[in-house]
Amino acid sequence: MGIRGENIRLELVQLAVDLPAFFDRVAADIAALQSPIDYYSNFRKYILKSSSADPSLLPALRLIATKGAKVTAFELKFGRAPTSVEAPSFGLGMETAQDDAIDFGDDAPIDFGADDAIVDFGDDAIDIAVVGDDTNDGQLDDGVARGDDALSIFENPASQRALMNDLNELKAFLRWRVMDEKTEHTSDLLLTGADNRDSSLSISESQREEMLNRVQAVLSAVNDPQKRHLLKIRASPRYVESMAEQLEVKRSFEGKYRRMKELMNERQQEMVKEAADTQQKLQLLLPSAKELQKQ
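Read left to right, the sequence shown gives residues 1 to 295 (my numbering).
Some clues are possibly wrong.
Simulated crosslink set (BS3-like; lysine-lysine; CA at most 30 Å straight-line) [what the hints assert, rightly or not]:
1) Lys45 with Lys67
2) Lys273 with Lys256
3) Lys49 with Lys182
4) Lys232 with Lys261
5) Lys67 with Lys227
6) Lys232 with Lys77
7) Lys171 with Lys45
8) Lys171 with Lys256
9) Lys49 with Lys70
Using C-beta positions, here's what the derived DEER-type ranges look like [stated by the list, open to error]:
10) Val144 with Gln216: 50 to 60 Å
11) Met260 with Gly68: 36 to 46 Å
12) Ser84 with Glu241: 55 to 65 Å
13) Ser206 with Ile47: 18 to 28 Å
Honestly, the hints are just simulated from the structure, not real lab data. Glycine residues also receive a C-beta, built at the ideal position from the N, C-alpha and C atoms.
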């Protein structure tokens, strides 16, 4: 993962800190996909003989292309921007042990108020009114983005899957169009007619291939295994510990294998020396052997 290994936990956390810059770069690449997105939308609109584009087409992809990397999962989920965002705090585990100390307040006296306090349980019935629009599987929808909904589309697991689905759908369409242009079959008349009747669909084969390459590049970036690890590291201190333990185990094996290599090299050198010594002894014995043969 490109770390030195001197302080594995801290180095992993520092890698995760750079994720927002990575999201900005990917969002810029997605914004550059507007032409293939429009091509797909116009193609569907023509084939389905629709007068307007389908608003449910590639929702995550189009939202990021329009609003950038910071657009929330709330907006994708509810179809509107939140009134405010209560972003979760990422526990990146960079606090020192001193920060974790618990102050029990031993100097402050505790007043239980046994003589003065009277607990009134209130025998009268209490009416509790629930305010809010509870229309989302028991979750309060008051326009405020909270918890996972306050995360960006890149960070929220559900919206990240939606983004991957959108990219794969666009990739499959473009790949089909590229392959379709290289083959001849009965649907050619329909598709050729579509290209001739709508100027927005009249693009060259090289343009389609270039669109496909750009979509594949974004898909590879979003699906990068290292970045997926860093997302989990950013969201979960426990995952940091798990990753650190795995890397420490691998590092311990690395030292073991390095020592084994050194021992093998030493043994090889010893065998070379032994072979040289044996050869030298044979050379010393050779004259005596020849003398014995003469006798």
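Tested hints:
Between Lys45 and Lys67, the direct Cα distance comes to roughly 24 Å. Compliance with the 30 Å bound is thereby established for this hinted pair. Between the alpha carbons of Lys273 and Lys256 the distance comes to roughly 26 Å, so the proposed pair stays at or under 30 Å and holds. At most 30 Å may separate the alpha-carbon atoms for a hinted pair to count; Lys49 and Lys182 meet this at roughly 25 Å. For the given pair, Lys232 sits about 35 Å from Lys261 by alpha-carbon distance, which is inconsistent with the 30 Å threshold.
Of the supplied pair hints, the one linking Lys67 and Lys227 holds, its CA atoms being roughly 22 Å apart against a limit of 30 Å. For the proposed pair Lys232 and Lys77, the alpha carbon gap of about 21 Å is at most 30 Å, so the pair holds. The hinted pair formed by Lys171 and Lys45 meets the criterion: a straight-line CA distance of about 18 Å does not exceed 30 Å. Restraint check for Lys171 and Lys256: the C-alpha separation of about 45 Å exceeds 30 Å, so the hint is violated.
Simply put, Lys49 and Lys70 have alpha-carbon atoms about 35 Å apart, too far for the 30 Å limit, and the pair is violated. Judged by the Cβ atoms, the range 50 to 60 Å given for Val144 and Gln216 is violated: they are separated by roughly 37 Å. A beta carbon spacing of about 51 Å between Met260 and Gly68 contradicts the range 36 to 46 Å that was offered as a hint. At about 33 Å, the CB distance of Ser84 to Glu241 disagrees with the hint of 55 to 65 Å.
At about 23 Å, the CB distance of Ser206 to Ile47 agrees with the hint of 18 to 28 Å.
Of the numbered hints listed earlier, those contradicted by the structure are 4, 8, 9, 10, 11 and 12.
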